[in-house]
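Whole structure, please, built from the sequences with the hints as guidance.
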Amino acid sequence: MKLQNQYLNRLLLVPWRIYTKLIHLFTQRYQKLNYHRFIKILFLATILICLLFGQVVSAQTPNATALVEQGIKEYNAGNFLNAIKNWQEALNQDRNNPSATAVVNENLARAYQQVGENKEAIASLSAAIRDYGAVGNIEQVGRMKSELAQVYSNLGQPRKAIALLCGQLVDKPKISENQPSQQIKCTPESAAQIAIKYNDKRGQVAALGILGEAYRLIGSYDQAIYYLDAAQKISPEYKSLVFNSLGNAYKSRGQLRELQADSANKASILSKQQEFTKKSVDDYQRANKYFQDSIKFARAEKQPIAEMRGLLNLIQLGSQTNKSKIINDEEFEKTLKDALKVLETLPDSATKVYGEIDLAYLQRDAKGTSPFTYCPTQLVLSSNMQLNLLENSILTSKKLQDNRLISYSNGALGHFWECSSDNEKALKNKKALKYTQAAIVAADNKLSAKDSLYLWEWQAGRILDREKRQEEAIASYQRAFDTLEDIRSDILTAERDVQFDFRDVVRPLYQTLAQSRLDLLGVGAIAGEQRANELSAVVKTIDALKLAELQNYFGNDCILSALNTKQVGELLKDNSVAFQNTGFLSSIILKGKTGILLQLPNQATKFKWIEDPNQEGTNKIVSSDKLQKKIAEFRTGLVKGKEEFNYDTTTAAELYDWIIRPMLSDIKPEKVKTLVFIQDGFLRSVPMAALYDSQEKKYLVETYAIATTPSLRLTTPKARDRSTQKALILGLTKKAIIDGKTFDALAAVPNEVSAVQSIFPNHTELIDQDFFPESFQQTLDKTTYPIIHIASHAQFGIIPEDTFIVTGKNQILTISELEKSLRNLNSKSDSVELLTLTACETAVGDDRATLGLAGVALQVGVKSAIASLWSVTDESTSQLVKTFYTNYRNAGMSIAEALQQAQIKMIHPQNLPPSEEMNPRYNNPAYWAPMIAIGNWL
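Here my numbering runs 1 ahead of the position in the sequence shown, where the first position is 1.
Calculated directly from the structure, the hints in this document are not laboratory data.
By construction, the Cβ of each residue, glycine as well, lies at the ideal position given by its N, Cα and C atoms.
Careful, some of the hints might be misleading.
As the list claims (entries may be wrong) - Below are the DSSO-like pairs computed for lysine-lysine, each with C-alpha atoms no more than 30 Å apart in a straight line:
1) 280 <-> 290
2) 674 <-> 267
3) 324 <-> 338
4) 74 <-> 86
5) 594 <-> 631
6) 342 <-> 303
7) 674 <-> 594
8) 120 <-> 161
9) 338 <-> 400
10) 324 <-> 742
11) 324 <-> 335
12) 735 <-> 621
13) 186 <-> 202
14) 280 <-> 342
15) 280 <-> 267
16) 574 <-> 541
17) 609 <-> 621
18) 280 <-> 742
19) 719 <-> 607
20) 574 <-> 627
21) 821 <-> 735
22) 399 <-> 86
23) 594 <-> 426
24) 342 <-> 432
Unchecked claim - Estimated spans, in silico, between C-beta atoms of each pair:
25) 812 <-> 386: 54 to 62 Å
26) 592 <-> 571: 50 to 58 Å
27) 810 <-> 330: 49 to 57 Å
This is how it looks when you write it as structure tokens:
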């Protein structure tokens, strides 16, 4: 028997409660003024809208009626697992009746979401879409697509949500602020277009609202605001809900603009800093207004859950913008009191659980990262109130039978005891471990909260460490690491704007694991095979950290296209021929000290802490802070060195003694010809080629060819046939002004271009007005160029948005546009073998900028890059580049060797014949050292 019409025609949408996986919740990007801080990790900051509380429906068929009705009773009583059991049995009885199975699958999807089983919810919603389509109920198909889109957003897959809702992902919205929502054009089969076709206003609000949120999750804030604004114009009935979501969108955009202002400040572009600061404050003020209006409408409609969400979002805004005083102290306190009052009246729900945890860890001046990665010291509520809220959250989550909520609430209470100032140390550790282990068990139940499992394993490791249970702590850290590695790509590549705060979450965990293993080695009782295994595990951890940093910086998975599935140790063994005469030096900056690992083909890994040979005892180890200051001094001396005729090698010699000399017995020049550095943090900002051996009176590059790579797993060392290579030569000679910043004319570029032309007769050139983004793309569309030489200013900023190449017509080619152009080539992805960038400029003293420089070749899909760590005279660069290309093309040298010999030529200009006369000042490393080889060094 078919379902009665009253059920076929009901609008049943799941609660629009995209409280998403913890990681995505945790870390909406761009929270701090600080260059790489994201939104504070508190639970309800991104809880969105409960648009239409989904209700389960009856299916009145002879065979399934009793089961369906019993399932509804169980569902309404909060017994979701029992409801699922009844509905699954009903589904089996009416499997050949799409009218009945459509509704049962819809019910199942809603119940699965209640217990956090999103994969099962997806399967049930997909089945419901199929069944509703089979009986011709297209209006309900559209609603189910909106509901399915919401689940995908819950899982951190907003692009799939966008495809379901509108069928397209647009860079710019095709609507204006005043355009009616009915004119929004989506594909005919999309949820939004189905709702428009059937004049289904609730369906339109749902589709456009979820669409707006999906765009917000991928960082497209303008689009998010357009679609959410269109949603709120359709019907006044849901303004509270849409206003809340609009508040989140404006807040997110404000955080982005705050970060852009900081980036402009570091780049000394005062006008842009002021512009972005003003826009940021404007966005925060609009967010404040929308949250206030959302609360007002929710109160008028007597919707306590919607009111609670608005209050919590308003509190978060005040907490995270305290310095800007968007919300003054009096307003903040009043909003907090209102939230605590409403919390007491809420029915058991996810909002209530997250609200209790959120308020328990509330800080007036938010640090901007997860409260579970450190012990907060500026909590707003008293310790007793905090404890009461967290204990209540556990009780509520158990009633709801939601393992995700059970995991979060137990983990939060475990962290409370971890950070407690209770004098009974043993007792508080016992309580902390008890609740943390309960969180782990709940998170691991059918992997219902795998995205938080790593967090609680990490927490357990810290507690065990504190109890001096080192081996158990390492095991816990390792499980946290393994779990995070499983989900890291999904998180880091979702988009830059939905990543967690990398420096405060991922990096410390990886560093803690590495340091724990290295400290264990330092005890001295571990040797032989066990020591080798521990070092191998450290190498894996360090390599994973470097990969994660790259993904985090670029915000996508492009670099993963070249990722070798084998670990570093396997690669060294399998490529021992390609790697012969090559040594790999990896650095790892840890708390208080920095380690160097040396890897050679078919040899055991060697490890040493960086030490000062002039010190004795425990003072020998160089602290990370001291090393960072010395590295900054080294870089400053190099950059300013071009002002001096004779370069002072004191600092370069000191660093050589710290980093290289301890390894000399293992890297004798007769065996090792090339050193490949895989650097960490601030060590990326300086050229190792300029380290100075005071005993031999020569620079490191005079002994070894030098290259760098972000990760050996991303490098495919392979020599290529260079006899017939084509070159695309791009150049800018004239002054350019970008966003108020002046880039000087490059007078020596014509000579540089001429030299490259002579070395590569088969070439195409685009100079000055002929070089702009469109012409670059059009040229690449016509043919493939293994060599791309760009003689222009290139800026590497602290965020990828500030990373670009200056072109003619006062335009820029962003790193994203460069990547898109090269990856759209019709030929093989590795057809571009070498990208050369001269006249580069990076943010001073910022290793994020140099991370972007180090990853540029990988990001744009080429095998190797030659680029500069800082801008030097275009005349000296022109001479260096000419010699490099001559060596590269005609002398059969590897890329690293070709660069090495070009640099040695500048170091010793007195050895050149009269025909190659060179300015003697160029022997200063300020001129030759910043040019580095990245990626494939062969």
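Quick rundown of the hints versus the structure:
1. 280 <-> 290: holds (15 Å)
2. 674 <-> 267: violated (38 Å)
3. 324 <-> 338: This hinted pair holds, its Cα atoms lying about 21 Å apart.
4. 74 <-> 86: Holds: residue 74 and residue 86 sit about 12 Å apart, inside 30 Å.
5. 594 <-> 631: At roughly 13 Å apart (the allowed maximum being 30 Å), residue 631 and residue 594 satisfy the hint.
6. 342 <-> 303: Status holds; Cα separation ~14 Å.
7. 674 <-> 594: Holds - the C-alpha atoms of residue 594 and residue 674 are around 29 Å apart, at most 30 Å.
8. 120 <-> 161: holds (14 Å)
9. 338 <-> 400: Holds, at about 26 Å.
10. 324 <-> 742: It holds: about 28 Å lies between the C-alpha atoms, which stays within 30 Å.
11. 324 <-> 335: Status holds; Cα separation ~18 Å.
12. 735 <-> 621: violated (52 Å)
13. 186 <-> 202: holds (16 Å)
14. 280 <-> 342: Violated. Residue 280 to residue 342 sits at ~34 Å, over the 30 Å cutoff.
15. 280 <-> 267: holds (18 Å)
16. 574 <-> 541: holds (15 Å)
17. 609 <-> 621: holds (12 Å)
18. 280 <-> 742: Between residue 280 and residue 742 the Cα gap is close to 20 Å, so the pair holds against 30 Å.
19. 719 <-> 607: Given that 30 Å is the threshold and the Cα spacing comes to 26 Å, the pair holds.
20. 574 <-> 627: Judged against 30 Å, a Cα distance of about 36 Å means the pair is violated.
21. 821 <-> 735: holds (26 Å)
22. 399 <-> 86: Roughly 19 Å separates the two Cα atoms, so the pair holds.
23. 594 <-> 426: Answer holds: residue 594 to residue 426 is near 29 Å, not above 30 Å.
24. 342 <-> 432: Holds. Residue 342 to residue 432 sits at ~29 Å (cutoff 30 Å).
25. 812 <-> 386: 54 to 62 Å: Check passed, 56 Å falls within 54 to 62 Å.
26. 592 <-> 571: 50 to 58 Å: Given about 30 Å between the Cβ atoms, the range is violated.
27. 810 <-> 330: 49 to 57 Å: Once the Cβ atoms are compared, 50 Å apart, the range 49 to 57 Å for residue 330 and residue 810 holds.
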